[in-house]
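Here the protein sequences line up with chains A and B, keeping their order. Each residue of the first sequence is one higher than the one before, counting from 1 in my numbering. Each residue of the second sequence is one higher than the one before, counting from 1 in my numbering.
Everything labelled a hint here was simulated from the structure, so no lab data went into it. From a predicted model like this one, the values you see are computed outputs, not experimental measurements. Hints are not guaranteed to be accurate.
When chains are identical, the list treats them as one kind, so a pair holds in a single copy or across two.
[Claimed, not checked] EDC-like cross-link-like pairs, simulated, lysine to aspartate or glutamate; straight-line CA separation at most 20 Å:
hint, residue 1, residue 2
1, 220, 112
2, 406, 40
3, 394, 65
4, 220, 328
5, 220, 111
6, 360, 112
7, 360, 253
8, 220, 108
9, 406, 200
10, 220, 246
11, 360, 269
12, 220, 273
13, 360, 218
14, 360, 51
Protein chains: 2
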Amino acid sequence: MSSQTDTGAGLRAGLDNALAHLRTNADAHMQRLDDFLRIESVSADPTRRDEVRRAAEWVAGWLREMGVDDVALHETTSHPIVTGAWLGAGADAPTVLVYCHYDVQPPDPLDEWVRPPFEPRYENDIVYARGAGDDKGQLVMHLAAAEAWLRGAGGAPVNLRFFFEGDEEVGSEPVERFIADHPELLEADLCVVSDSDMADDDSTPAVTYGLRGIAYLEVKVRGSQQDLHSGQYGGGVDNPANVLVDMLASMVDDEGRVTVPGFYDRVRDLTDDERAAYAEQPWDEAAELDRIGAPAWGEGERGYTVLERMSARPTFDINGLWGGYSGEGAKTIIPAWAAAKFSTRLVPDQDYREIESLLKEHLESIAPPTVRVEVRVIHGGAPAITPLDHPGVKLASEALEAAFGKAPLFHRSGGSVPVVAALDAQLGLKSVLIGFASPNGNFHAPNEWMPLWNVRDGIEAIVRTWERFGSVSPADLRG
Amino acid sequence: MSSQTDTGAGLRAGLDNALAHLRTNADAHMQRLDDFLRIESVSADPTRRDEVRRAAEWVAGWLREMGVDDVALHETTSHPIVTGAWLGAGADAPTVLVYCHYDVQPPDPLDEWVRPPFEPRYENDIVYARGAGDDKGQLVMHLAAAEAWLRGAGGAPVNLRFFFEGDEEVGSEPVERFIADHPELLEADLCVVSDSDMADDDSTPAVTYGLRGIAYLEVKVRGSQQDLHSGQYGGGVDNPANVLVDMLASMVDDEGRVTVPGFYDRVRDLTDDERAAYAEQPWDEAAELDRIGAPAWGEGERGYTVLERMSARPTFDINGLWGGYSGEGAKTIIPAWAAAKFSTRLVPDQDYREIESLLKEHLESIAPPTVRVEVRVIHGGAPAITPLDHPGVKLASEALEAAFGKAPLFHRSGGSVPVVAALDAQLGLKSVLIGFASPNGNFHAPNEWMPLWNVRDGIEAIVRTWERFGSVSPADLRG
Numbered sequence: 001m002s003s004q005t006d007t008g009a010g011l012r013a014g015l016d017n018a019l020a021h022l023r024t025n026a027d028a029h030m031q032r033l034d035d036f037l038r039i040e041s042v043s044a045d046p047t048r049r050d051e052v053r054r055a056a057e058w059v060a061g062w063l064r065e066m067g068v069d070d071v072a073l074h075e076t077t078s079h080p081i082v083t084g085a086w087l088g089a090g091a092d093a094p095t096v097l098v099y100c101h102y103d104v105q106p107p108d109p110l111d112e113w114v115r116p117p118f119e120p121r122y123e124n125d126i127v128y129a130r131g132a133g134d135d136k137g138q139l140v141m142h143l144a145a146a147e148a149w150l151r152g153a154g155g156a157p158v159n160l161r162f163f164f165e166g167d168e169e170v171g172s173e174p175v176e177r178f179i180a181d182h183p184e185l186l187e188a189d190l191c192v193v194s195d196s197d198m199a200d201d202d203s204t205p206a207v208t209y210g211l212r213g214i215a216y217l218e219v220k221v222r223g224s225q226q227d228l229h230s231g232q233y234g235g236g237v238d239n240p241a242n243v244l245v246d247m248l249a250s251m252v253d254d255e256g257r258v259t260v261p262g263f264y265d266r267v268r269d270l271t272d273d274e275r276a277a278y279a280e281q282p283w284d285e286a287a288e289l290d291r292i293g294a295p296a297w298g299e300g301e302r303g304y305t306v307l308e309r310m311s312a313r314p315t316f317d318i319n320g321l322w323g324g325y326s327g328e329g330a331k332t333i334i335p336a337w338a339a340a341k342f343s344t345r346l347v348p349d350q351d352y353r354e355i356e357s358l359l360k361e362h363l364e365s366i367a368p369p370t371v372r373v374e375v376r377v378i379h380g381g382a383p384a385i386t387p388l389d390h391p392g393v394k395l396a397s398e399a400l401e402a403a404f405g406k407a408p409l410f411h412r413s414g415g416s417v418p419v420v421a422a423l424d425a426q427l428g429l430k431s432v433l434i435g436f437a438s439p440n441g442n443f444h445a446p447n448e449w450m451p452l453w454n455v456r457d458g459i460e461a462i463v464r465t466w467e468r469f470g471s472v473s474p475a476d477l478r479g
Numbered sequence: 001m002s003s004q005t006d007t008g009a010g011l012r013a014g015l016d017n018a019l020a021h022l023r024t025n026a027d028a029h030m031q032r033l034d035d036f037l038r039i040e041s042v043s044a045d046p047t048r049r050d051e052v053r054r055a056a057e058w059v060a061g062w063l064r065e066m067g068v069d070d071v072a073l074h075e076t077t078s079h080p081i082v083t084g085a086w087l088g089a090g091a092d093a094p095t096v097l098v099y100c101h102y103d104v105q106p107p108d109p110l111d112e113w114v115r116p117p118f119e120p121r122y123e124n125d126i127v128y129a130r131g132a133g134d135d136k137g138q139l140v141m142h143l144a145a146a147e148a149w150l151r152g153a154g155g156a157p158v159n160l161r162f163f164f165e166g167d168e169e170v171g172s173e174p175v176e177r178f179i180a181d182h183p184e185l186l187e188a189d190l191c192v193v194s195d196s197d198m199a200d201d202d203s204t205p206a207v208t209y210g211l212r213g214i215a216y217l218e219v220k221v222r223g224s225q226q227d228l229h230s231g232q233y234g235g236g237v238d239n240p241a242n243v244l245v246d247m248l249a250s251m252v253d254d255e256g257r258v259t260v261p262g263f264y265d266r267v268r269d270l271t272d273d274e275r276a277a278y279a280e281q282p283w284d285e286a287a288e289l290d291r292i293g294a295p296a297w298g299e300g301e302r303g304y305t306v307l308e309r310m311s312a313r314p315t316f317d318i319n320g321l322w323g324g325y326s327g328e329g330a331k332t333i334i335p336a337w338a339a340a341k342f343s344t345r346l347v348p349d350q351d352y353r354e355i356e357s358l359l360k361e362h363l364e365s366i367a368p369p370t371v372r373v374e375v376r377v378i379h380g381g382a383p384a385i386t387p388l389d390h391p392g393v394k395l396a397s398e399a400l401e402a403a404f405g406k407a408p409l410f411h412r413s414g415g416s417v418p419v420v421a422a423l424d425a426q427l428g429l430k431s432v433l434i435g436f437a438s439p440n441g442n443f444h445a446p447n448e449w450m451p452l453w454n455v456r457d458g459i460e461a462i463v464r465t466w467e468r469f470g471s472v473s474p475a476d477l478r479g
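Extracted from the complex, chain A is given alone in its bound form (with noise of 0.2 Å):
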């Protein structure tokens, strides 16, 4: 008993240093953020390799200068994962992993920017720039958040563990051969990801305990060696891109669901609670169409609401498509070949692997005869779900209405974090969602962009995470 309030006292005392050099580090802490977000750590960019890895030393530079142990880059198929450790609290104590990406989604339309992606732009507290919500923004406040545990209370109530990849916006590739490989610099009772968003812009912090999965491939159809007149020939051949188009078109049927056979065996039903739920979301459909400035939400999959549709259902939506003529003017060309981008977001029990071989078969068989398709997979990652009742989800939400004044609002997310699921099926990790981004953010459009007050409240409410989790043993909050 005693030694519990010791331990208690002890712990409110670190509390309190710790809060206070935030106060005290305020403006540094900004200033890391800015120099952060001006690294061009775009992942699915070849020429910009040398940048992705910038941003690796970066992170494990600042890891080394509070003390942190053993920071290592490891080198995968792609780029570095940082991984690192502070291990003072003691095996009494909890350890939790804490996982976020250093890298960020191509800034094209570069037009569009007001300023350019990775030159920050600050507005009414509020900070523009690629990366400032997804994800490196809510990295650099774990990094904050460790900092003043470590330098101005001494040491952190948790003992706490490091992830941080460069591969998080192409799909995560080496993540899963880094856990099978290194299952001992992960160890942990409970992994705390932050790459989510608050529940709206008004400061009512959210956790997350669904994701959805995805599978995202590309489709080339081929028709002759070469662009052919379109006068000489048309009418004789099939065309790639009429081709590719109704290939496309026939992938959703009149009720906006997806026609590849098998597809929704496995996913896993709305319960009626869940739907109560989703009903009772402080949600303004019209407010949020208004901000993403489209004519009107989609009919989508009938028999959905609008929310429902965007995280507990799987879509089928075109990425990105080329092939013939697309400069000034007109070029009368049946082009050689035309492409397209696609992807799945999935649901649990979706298996990622599973839909990746069903698109491809299937778009393989209504392939016709006269023409060459090949379907390639880009990348995929699993869908999961987090019990609500688990205790570090508890704890989290007492942090978090600690530091925004709020309780926070439990939801499924539509977008995937594909080392959530990787960490459950290999260590039987849980993960638990923790994200400060706004919700409207611009994350993968132009003006991306991230309150600061966000910052500020989410660092606090990470330090205060750490302070009650220290609270439990770690067989509690492995739950």
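Got chain A sorted already, so can you dock chain B onto it with the hints?
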């Protein structure tokens, strides 16, 4: 009678001198061809405006050099039109208008050219370069033939007017206005157009008696203001790329027919005689397929042969598709917009302006209210048919047979030459189409090529055509 005999003897002597001039100037004419092909006269490319003008000036320069009068570059809303006249044959001789175009298609994809498109490559008596066949090579042939008469024989048996444009590959927009504004520069008894091909690669010449028209449009589908995260919004909004492929796919039905209401209303059916002629045409379906490298001919519009579909039936072809992400790897976006260029080849008696409107209205009518659709007409041209019993056709056929040693075949072409329809509609001027390109010459594609034996024999054929035309009165040539 004696005057007629004198004229006959004079024509024969003139012809001999003109043909002798061709022999002694063969190398010089090949050098002219090489020089001309090096000018990058891509009319669709705004960055090459000066090169297009340089080609016009090159043409004008040679015309002046050989003694053609009133050579002029006429400014238009796009590229210059070059005209000139040699009227030394007098009022009793027919006047011929010679039409070719000095502009070329864009050369991309550049990496598929064996040598750069504007550095002519010579191999086995063939020249490979952009414009070699379509149409700079044929324009050079007309200039060489005119030079042979004017320089080698001291004058031609017909009056010659020249009408060379630089916008054919982008739809000949300026010619209608030019024809309306300058009928005096185009006054003639017959127009000879050389922008078509031979019947085969075995020196069988061809007279083209039918041309398809074209309606070329662009459609852009816009959804949100910016690209959206496909995880966050996937399933909620209609993806503009999905909508675009749905709309385009719906334009052609399962029988290969265009679904736009009214599209076929004015299509002139093939007569039984025409179908019989098509069936007899020497054309190796398998060899042609092998040449273009497609796996199979398309099924196309049911009920018609491949040859019929390629020249006597209308089409719907997507010429280009673009939108979203087409770079390396994956970008998980719902693109803000997606676009396509598409065109329909038209046959007599379709009206391209009517078809443009029908296409535009139809696309706008099928667009869902969840997107914004913009349809833009890029260019159009009327289909045309020249009577097979026209005296110009008969006389030109005699000249072709004399030069190539084989009687020409008569066929309809799948392509479009907008000026032919415009001259007929505005001036009542008929055209005879004699072309010298190879039917497999990669027009509009990489490694465009032209047999040099066609160039040599074709110049002779033009020289002989002027001789045959000179043997009749203006009224007789007019038909």
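Cross-check of the supplied hints:
1. 220 with 112: between (29 Å within a copy, 18 Å between copies)
2. 406 with 40: neither (35 Å within a copy, 67 Å between copies)
3. 394 with 65: Answer is neither: 32 Å inside a copy and 92 Å across each miss the 20 Å cutoff.
4. 220 with 328: Answer is between; shortest inter-copy Cα gap is 14 Å, intra-copy 24 Å.
5. 220 with 111: Close across copies (18 Å), not inside one copy (28 Å); limit 20 Å.
6. 360 with 112: Close neither inside one copy (34 Å) nor across copies (28 Å); limit 20 Å.
7. 360 with 253: within (18 Å within a copy, 25 Å between copies)
8. 220 with 108: between (22 Å within a copy, 19 Å between copies)
9. 406 with 200: within (12 Å within a copy, 80 Å between copies)
10. 220 with 246: both (13 Å within a copy, 18 Å between copies)
11. 360 with 269: neither (25 Å within a copy, 42 Å between copies)
12. 220 with 273: neither (43 Å within a copy, 42 Å between copies)
13. 360 with 218: Intra 9 Å, inter 30 Å, cutoff 20 Å: intra-copy only.
14. 360 with 51: neither (34 Å within a copy, 46 Å between copies)
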